[in-house]
Structures are given as structure tokens and as C-alpha cells.
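Add chain E to chain D, keeping to what the hints say.
Read off the chains here:
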Amino acid sequence: MKGNTGKIVNVDLTASQVMVETLPEEYYRKYIGGSGLAAKLFWERGDIKADPLSPEAMLLFMNGPFAGLRLSGASRNSVAGCSPLTGHWGDSSCGGFFAPELRYAGFDGLILTGKAAKPSLLLIVDDKITFEDAGDYWGKGTEEVTQALKTKYGKDYRTLVIGPAAEHLVRYTMILNDGHHATGRAGFGAVMGAKNLKAIVIKATKKEMVLADQAAFDVLRKDLNVRIKEAVASNVLHENGTAANLMGGVYSGDVPVKNWTSNFWEESADALTGSTLTDNYLTRRGACAYCGIACKRYVEVKDGPFAIPDGPGPEYETIVAFGTLIGSIDLAATCKAGRICNDLGLDSISAGGTIAWAMEAFERGDLTLEDTGGIALTWGDMDTVIDRILPIISRREGKLGDLLADGSVAAAKKIGKGLDYTVHCKGLEAPMHDPRGGGHGMALTYAMSPRGACHVADPMLFVEMGARYYPEIGFDFMLEPKTGENKAEAAVMAVALGAIENSACFCQFADAEVTIPDWLVLFNTVAGYGWKAEDMMAAGRRVFFLKRLINYRYGLTSADDCLTPRMLEPGKDGEADGSQVDLAPMKARFYELMDIDPVSGIPTPAAMAALDMADEAKQVG
Amino acid sequence: MEFWKDETEPIKAFLALFEAAAADPELFEGLKKVNQLIWFDYTESGPNCSFYIDCRGGELKYSAGKPADTPDLVMSLSADDAHRSWSDKLNPVMAITRKKIRVKGSATGLLKLAPKLKKVAAIYMKVLKDLGWEDKIIK
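Quick note, the sequences are listed as chains D and E, same order.
Take any residue in the first sequence, note its place counting from 1, add 20, and you have its number in the working numbering.
Take any residue in the second sequence, note its place counting from 1, add 294, and you have its number in the working numbering.
Okay, chain D solo, but in the shape it has when bound (with noise of 0.2 Å):
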């Protein structure tokens, strides 16, 4: 096999055994990698009926065809399963070290089962693979395990690292890379939290990979090196962080405020947005393996309330997750609530939406002090956040810490209350963009979205911004986002090019500059494929549709790629004013042309059959 290296290892944690194997070339080919392959081995080996919190559940660690080979954004990888906060299929992109290291250990994924019978670590050394005890490290927070496992083991040593919210099994919990990167989507935290599994440390000293056309790929490979890190988005992202253009956000519309329930706070933008951080906080810029966009930030507060040590910075979703959507503009106190949650390992974009809907349940009074334990859930309380809330979720403490430790929609749910103004789909919190002023596109396809509610999913947000452009395919769209017109058709190619961004598992800031025919030559020559244009977009649809699958198993339809009564609400205040999503004709449109059934919300026999996936048909009946 060419460009992959074809071995993934499976991982029985009650036995404490690994068994090596060898994949069929054509899942490669038909699923890509990453989140793709993982679906495709989800489908055939994932137990529907296991709780992703017990044993029996499987967790997928999955690399791209690109990991380790020095390009630019191309060497993140998947985590995938049944994701424990929305009960059904789950996949969340990282970037990080992780997946050279996998890959010059020789292998593109991990597949975890069973349970260890006491905390543990997997401890990976090029092909040796050992279970090694993890009792010291359990209840400890990422940063002081990562540090202890790099002074133990070496610094040049990767590690992924769970928090005390994942061993509590709250259901939005991450799994932290060299305590910066987070897998942050669909709560795998707490699924390793559940295995007993504290940590994967790994180090590989092999570096053999053997592509179909190393010496084509080299051209290409330095030429998308130069052009991705001199773009002009990179350049905007290496200075200011993924926030940079959180101004432009607060002035469209696209940046939530207090729980969705106005678009527009004129002071967030020059408060929040990533100059500023830069200018008041940043000590340096960090890098995810081989990239040269560099937009990771490193922040110091030095004093006052928020005060934090040198270290890892938040991002675009936590500064806004942790600032207008929970009512403030405290840029300091949402370097605080990042670094908080890294520690604890919670997901800044859950714990921020959760918190969001409790603040506004209390001021509705759907939650009294009675139910809160006595705190006052009040918005822009950073102090309340950060001291009580963000700590007791994490234990799952008193009867607030556990009833937001499972989310906004079982919260909801919970106290028979609230569920109109939980905003989400198919139980995934929203991310910090808000479609009426975003772009009523990305309202479909957050919908659409196998996981629930995403932005990285699909490319969509970049679409309706017009920052994507792909006119051997025909995608060639000048879009007003605050419409719906033509949104399904873009949507269409989205969740394809989306489909082979996350099984490819490459960077959404970095392939923007990747054209189709780049594309193309990258899978030929790395894995040899000898694909055109419409193979790869085949192969693209076909794991949008395989995730579809999967979550037809679970009960998912048609009626599931919904939104939530406040997302449907008419914008407020700013640009977004009046700005209401139209969702029905978009999803009627989006299902005629992807051909998928109305009702089921899966395909149509046809149109598996026109994809190669007629074993999948036959299974699903």
C-alpha cells in the first residue's frame, strides 16, 4: 500500500492485549482516512446498542494519508465513535503531534475497546505497544499530567490527556495534545474516562513511508508550503490568532450574544477580538506540526482578577464561548476560562453553551437558587464561571455541577424546562456562529451535519464569505448570506469537500489555498489512487452519506436535521436584525439534489448504488 501505511492497531483495554491489522487498500480509497475510515470501520464493527460510556463502546483515533509527510495544516487526525453527550455517531478533528507520531510508528489508527481494570495509560514506542499504570496521575488536571508524563518519558514525547471531567464522565469533555490541542467535539474525554484510560503517550523513531510518487508530491508539497503560509488569511491568522477576524464577526451578525438572543454587541469587537489579544496578552505563537500558518497563540495575564501564567491561549470559539455568548467582554477572564478548561478538560464550545443556557434559565426563572445550590447564575459573572461553575461541572458537584455536566438539551430535558432556547443540533451545542448573520447556509448544513451542529464539518462559513472558489467542479457561487438562495446547491458540494477535509484530516485555515487539481495530485501521488475530480467527490459524498448511516441506526431521520426554536428566531439588533433562517425549502432542495429520502433522511437506494455502497444499502434494508 502506498501513502498509508495500511496497519491500524486494535486495543482491547479489559485483556491489556493490541492486535496489529492490516486494512483491505479499497477502505482507503472509498473512505479516505480519518473520520471517514473511521465511520466505515464504525459501521462495520461499532456495537449500536453499547452505551458510549461502557465497555463494549469503540474509540477511533484515525490519521489522514497525509500525517507526517511536512505539508502545511495536513497532519491532524479523528477521534470518532458514539459521542456520549449526543448518543449517536460522533467525530472531532484535532491537530497537534499526534498524527506523525502514529504514523511513523506505523499506523494510521487506534481502535479502543473494553476497560482498563484500574487508570492507565498506553504507552506506544514504534511498534511496541505496553499498558502502563496511570493511579498517580488520576484526578489531576492536563497541564500538571502532561508536564509529569514529559518529565517521566521525554519531552519529545506525545502525549494525549484526559482532565478530572472526563474520569467524572461529564459528556462534553476533550482529550488534550501536548497540552494545547484539543480533540474538543462530541465529549471522547469522558469515553476515555470510562475505559479506565488516563493517557496515550507515544514516540516513534521510524520515519519509513513509502508514497506512489515521492518525488511529484515534494513539488507539490514545497510550492503549497510557500502559497498556503503566505496567503493572505494565513498571515492574518499567524498575527492575530483564529479570533482575527472576530471583529468582522461582531459586525455581521455571526458572533452570539447571551445565548443567541441578540446579534450585535458593538464593544465585544474591539474587546475581543484577536488583535487585541495580541497586543495585551500574546507572548508568542505556537504551531501545529509542520504548519506555517502558526495560528495557536500563547497568552500571559499578568495581573488583576484573571491573572494566568504563560501558556496555551483560547481560540476564536472559547474567547467568544467564554465572552459575548455568556454575557461578557472580559478578554482576560476568557484567557482564564480557556486555560481552566484545558486543565479540567472540558469543551470550551459545550461548557460555554451550557453555561449560556443556564445563565439564561435563571433569568427567566426555569432555575431558581434552589436548584442551582445557591449560586447565582447571572450574565458576565466571570468570577461565578471560573471559581463555582467550571469546577463543579467537572466533578459533577451538587445538583448544578450535575445537571450541566450532561449539557444544554438533557439539562433541558431535565428540569422539563428550557428546551425552546437550547441551541443546538442533534444534541451538539452550536459553535460561536451564528447563521442569521453568518450566513443562513451554514444554519442548513449545521443541520445537515451528521454530528450535530458544526462549523468545521463543511466548509460553508468560508462559502457564504466567498473565501472558497473551486471551478473545475463548478463550485462558483457568489452568495448573499443572508438568504437562502442557492445555499442548497453550495451546501451540496460543501458536505463533500467538508466529507474529505476530515478524512483527509487537513486544516480548514491551511487547504483553502488547495485547489481541486491539487487536491488530485495529492492523493495520486501519495496513495496512488489515479483519481479525477469526480472520484474524489464521489468518495466525499460517500462518507456524508456512511455517517448518515450510521445515525439511521441510532433512530436518526429527517426529522433530526432540525434547529432549535431560538436559531429559527428572527435575528436581533446590528446587521443580523430581522435576519430569519428559512430552513425547510433549503433541507427540501439540499435532500432532492444529494437524493436523499424525506422521511429516512438517508439516501436513496440509487444513490448509494451510484456510489459503490450497495453492501451499505443491502445492510440498512
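For the record, the hints were derived by calculation from the structure and aren't laboratory data.
Calculated cross-link-like contacts (lysine-lysine; reagent style DSS-like; alpha-carbon spacing at most 30 Å):
no.: 1; chain 1: D; residue 1: 592; chain 2: E; residue 2: 413
no.: 2; chain 1: D; residue 1: 170; chain 2: D; residue 2: 27
no.: 3; chain 1: D; residue 1: 249; chain 2: E; residue 2: 383
Part of the chain E face toward chain D, derived, beta carbon under 7 Å:
no.: 4; residue: 387
no.: 5; residue: 390
no.: 6; residue: 392
no.: 7; residue: 397
no.: 8; residue: 400
no.: 9; residue: 402
no.: 10; residue: 409
All values reported here derive from a predicted model rather than from experimental measurement.
Beta carbons are placed, not taken as given, at the ideal position from N, Cα and C, and that holds for glycine.
Below, chain E alone, put in the same frame as chain D:
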């Protein structure tokens, strides 16, 4: 050129725009925050078709031609697309993606101005009227 008789017209219009923008307190403050020397290079529409603004050091200067100092940012496009852009009729992100606008240097300063483009466009409409070029206004 679609909108201009010759290469002097667009520069006359754009310099008048910046003169008017500098008189607006909000835009003046916004421009100062950009804190860059920017060369607007429209030479694809004529060899002398360019101007620059210098917002460094809390001041605002602007003049026709290429600046003597090395600019922090160069924006290269046609004079027609510049007209569309100042009229808020050209999505700058889309134009950059489609290579209608080529950017060299740091665009972070300009991001601070992006939310003000509607106001800039309104001033530009008035400038065009004052110059007797109402026919150039894009409906």
C-alpha cells in the same frame, strides 16, 4: 476601463474620498488604528494609476503615486474593481479568493476598517456627486 475616462480620474476620486474620510472623526480614528503605510496599486489600469495612505504614527497622509518608503501592505487591483470596492459593491474576500485583488503584506490593519466599509461607501457616493460624477455611481 468601464467607469473611468483615463487613469487620472480614479485617483482624483479616491484621494477626494480619503480627504472626506479624514474629516469624519470615526473614520479618522479607525484609519489611525490601521497604523500602516498602504499602497493601492491600480497600475494594471495605467502606469500612474495608484495612490497611498500613510496612517503610521497617529497621522493620516495620502497622495497619488507609489510611496517612497516600502509599504506595509500593497493591494493590487484594477481601477474599476477599486471603484466597486469603495462603493461596497465588491466582496473583498471573494475578490481576493478569485485573484481580482492581490494582497502583499499584512492585511490585519485593514480588517479593522472592514466594518466601516458601508460608511466609507456612503461618503464615496457624496464625493462622486461633488465631483460631478453622479453617472459613475453604481446603482
